[in-house]
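Enquirer: Chains as they are written, first to last, in my numbering: chain F, 1 to 120; chain H, 1 to 346.
FYI, nobody ran anything at the bench for these hints, they're computed from the structure.
A virtual CB, placed ideally from N, CA and C, is assigned to each residue, including glycine.
A couple of the hints might just be wrong.
Said to hold, decoys possible - Derived, one-sided and incomplete: chain F residues facing chain H with beta-carbon distance under 7 angstroms:
{"#": "1", "residue": "Pro-47"}
{"#": "2", "residue": "Lys-68"}
{"#": "3", "residue": "Asn-73"}
{"#": "4", "residue": "Lys-97"}
Unchecked claim - Here are a few chain H residues that sit away from chain F, every Cβ distance over 10 angstroms (derived from the structure):
{"#": "5", "residue": "Thr-4"}
{"#": "6", "residue": "Asp-10"}
{"#": "7", "residue": "Lys-105"}
{"#": "8", "residue": "Glu-225"}
Said to hold, decoys possible - No farther apart than 30 angstroms at their CA atoms in a straight line, the calculated lysine-lysine pairs in the BS3-like style are these:
{"#": "9", "chain 1": "H", "residue 1": "Lys-108", "chain 2": "F", "residue 2": "Lys-45"}
{"#": "10", "chain 1": "F", "residue 1": "Lys-34", "chain 2": "H", "residue 2": "Lys-23"}
{"#": "11", "chain 1": "H", "residue 1": "Lys-217", "chain 2": "F", "residue 2": "Lys-38"}
{"#": "12", "chain 1": "H", "residue 1": "Lys-39", "chain 2": "F", "residue 2": "Lys-117"}
{"#": "13", "chain 1": "H", "residue 1": "Lys-113", "chain 2": "F", "residue 2": "Lys-37"}
{"#": "14", "chain 1": "F", "residue 1": "Lys-45", "chain 2": "H", "residue 2": "Lys-23"}
{"#": "15", "chain 1": "F", "residue 1": "Lys-38", "chain 2": "H", "residue 2": "Lys-139"}
{"#": "16", "chain 1": "H", "residue 1": "Lys-167", "chain 2": "F", "residue 2": "Lys-38"}
{"#": "17", "chain 1": "H", "residue 1": "Lys-208", "chain 2": "F", "residue 2": "Lys-34"}
{"#": "18", "chain 1": "H", "residue 1": "Lys-73", "chain 2": "F", "residue 2": "Lys-34"}
{"#": "19", "chain 1": "F", "residue 1": "Lys-37", "chain 2": "H", "residue 2": "Lys-23"}
{"#": "20", "chain 1": "H", "residue 1": "Lys-217", "chain 2": "F", "residue 2": "Lys-34"}
{"#": "21", "chain 1": "F", "residue 1": "Lys-37", "chain 2": "H", "residue 2": "Lys-108"}
{"#": "22", "chain 1": "F", "residue 1": "Lys-38", "chain 2": "H", "residue 2": "Lys-338"}
{"#": "23", "chain 1": "H", "residue 1": "Lys-39", "chain 2": "F", "residue 2": "Lys-45"}
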Amino acid sequence: MGNSDGLIEDMERLGADIEDAMHRFMDNTALYEKMLKKLPEVLEKAPVLEYFESGDLDTALSNAHTIKGVVGNLSLTPLHDDYTQIVELCREGELSKAHKIAVETVKLQEEIVSQIKKYM
Amino acid sequence: MKNTILIVDDQEINRVLLAEQFKDEYNIIEAENGAQALKIINENKDIVAIMLDLIMPMMDGMGVLAELNRSGKIYHIPVFVITAADNMEILSSAYSLGAVDIISKPFKMVFIKSRINNIIELFRHRNELVDVVEESVEKITLLNSRMIDALAALIEFRECESGAHVKRMRAVTERLMTALGILYPEYAVDRVTVSKIGEASILHDIGKIVITDSVLKKTDKLTPEEFEVIKRHTVGGCDILEQMYRDIMDGETYRYCCDICRHHHERWDGGGYPDGLSGDEIPIWAQVVGIADAFDALTSPRVYRPAFEFDTAVKMINDGECGAFNPKLLQAWNTLIKSGERFSEK
């Protein structure tokens, strides 16, 4: 596994609430970094936008729900807020609004993933 | 030795976070889906808590909760549902399936640790109490059984009936009660109740112990006055039970004993004694013992006649020669006989 110096700072720059994360990870930065490096695989296995666009809304919602839980625990606040909105809008039947947010979210998500991959 | 917590979540990140919190105090086992979780639960007896994600592949959290309900494990192991959902319908379903608490994502670790530790401690106390109560119930059941055995021995000692008669009565009563419930669900009772009724049947003639030998053991035909004395064994039996056992026997068994003692000579058409009850006024367990007692009397030798053959006795019961019985009860009786039941022929 690569050197992780700077990973936490990069995440903070992208909106992560590091204080909240450290509280949850009991100040174990190594564990937090290790778990951050698991995120790309989680996102890869649970695509949302693709299922949205293919019309499989159940899978899109299920994946959005999974990601919401994971990014929440990693304190990636902007992503967590977005996925919370996507899940709520899907449940309310506001699919076009949910899709619009998902398109923007994927951009942020890709940026976060590319930053994390630098340290892997 | 450390107790074990099972963490069930398809996402490793969530599992690791929870495991980190509890790894110093507990052994941690992780499962990625519901099916894996159930296998682990069945193989590990020292699991003191389960943290269970709801949305998972293979088998979801609701499926695991349903299975834990079915097996009864939900009453012994606290289950905490992990969810990022605030959907009230889902959370209500989880609670109604026995979840004790919800762990919301993102995790708030300080609260989670306290809540989980508190509930594990509560369940530990509760499980200990359940063990104590079960042990007490076992002792009371044994005591009941011993009391009934003691009275049965007394009946035998007094030469009212033989020990073999008492054993046959119990066997016939239990088989007939079961067969009746299968044929006619309105009379169905569970297996424990059947066993209690069988036990109570042993005491059906307890009242005979206070009848004088000159009447009880008379070999000649009884006078009408003497027959009235014999009839009193029904009410007399209840008096004995009331004086000796009302306060110490469990309420249900006591009721069966009294009903059977008093009413096992009642007949369906009201032609029996002591109260002349008819139809379903006669408790069904007393009706069952009534037919069992009549049959056993027919197939047992008396000083004034030999025992009737099995088939003859069956015919006499059906022909109403021992009084009228409930047609449904006769139907169950004949079904048993046709299935080859011989009631441990003498």
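Enquirer: Now tell me if each hint is right for this structure.
Expert: To see whether the hints hold, each was checked on the structure:
1. Pro-47: Constraint on F/Pro-47 not satisfied, violated at 15 angstroms.
2. Lys-68: holds, 5 angstroms
3. Asn-73: holds, 5 angstroms
4. Lys-97: violated, 19 angstroms
5. Thr-4: holds, 21 angstroms
6. Asp-10: Since the minimum Cβ distance to chain F is about 8 angstroms, H/Asp-10 lies within 10 angstroms and the statement is violated.
7. Lys-105: Label violated. Min Cβ-Cβ 4 angstroms, cutoff 10 angstroms.
8. Glu-225: Answer for H/Glu-225: holds, closest chain F Cβ roughly 86 angstroms.
9. H/Lys-108 x F/Lys-45: holds, 26 angstroms
10. F/Lys-34 x H/Lys-23: holds, 18 angstroms
11. H/Lys-217 x F/Lys-38: violated, 91 angstroms
12. H/Lys-39 x F/Lys-117: violated, 36 angstroms
13. H/Lys-113 x F/Lys-37: holds, 26 angstroms
14. F/Lys-45 x H/Lys-23: holds, 28 angstroms
15. F/Lys-38 x H/Lys-139: Given that 30 angstroms is the threshold and the Cα spacing comes to 57 angstroms, the pair is violated.
16. H/Lys-167 x F/Lys-38: Since the Cα atoms of H/Lys-167 and F/Lys-38 sit roughly 70 angstroms apart, the hinted pair is violated (cutoff 30 angstroms).
17. H/Lys-208 x F/Lys-34: violated, 84 angstroms
18. H/Lys-73 x F/Lys-34: Roughly 36 angstroms separates the two Cα atoms, so the pair is violated.
19. F/Lys-37 x H/Lys-23: Given that 30 angstroms is the threshold and the Cα spacing comes to 22 angstroms, the pair holds.
20. H/Lys-217 x F/Lys-34: violated, 92 angstroms
21. F/Lys-37 x H/Lys-108: holds, 22 angstroms
22. F/Lys-38 x H/Lys-338: Since the Cα atoms of F/Lys-38 and H/Lys-338 sit roughly 70 angstroms apart, the hinted pair is violated (cutoff 30 angstroms).
23. H/Lys-39 x F/Lys-45: Given pair H/Lys-39, F/Lys-45 holds - Cα atoms ~25 angstroms apart, limit 30 angstroms.
Consistency with the previously given hints fails for numbers 1, 4, 6, 7, 11, 12, 15, 16, 17, 18, 20 and 22, ordered from lowest to highest.
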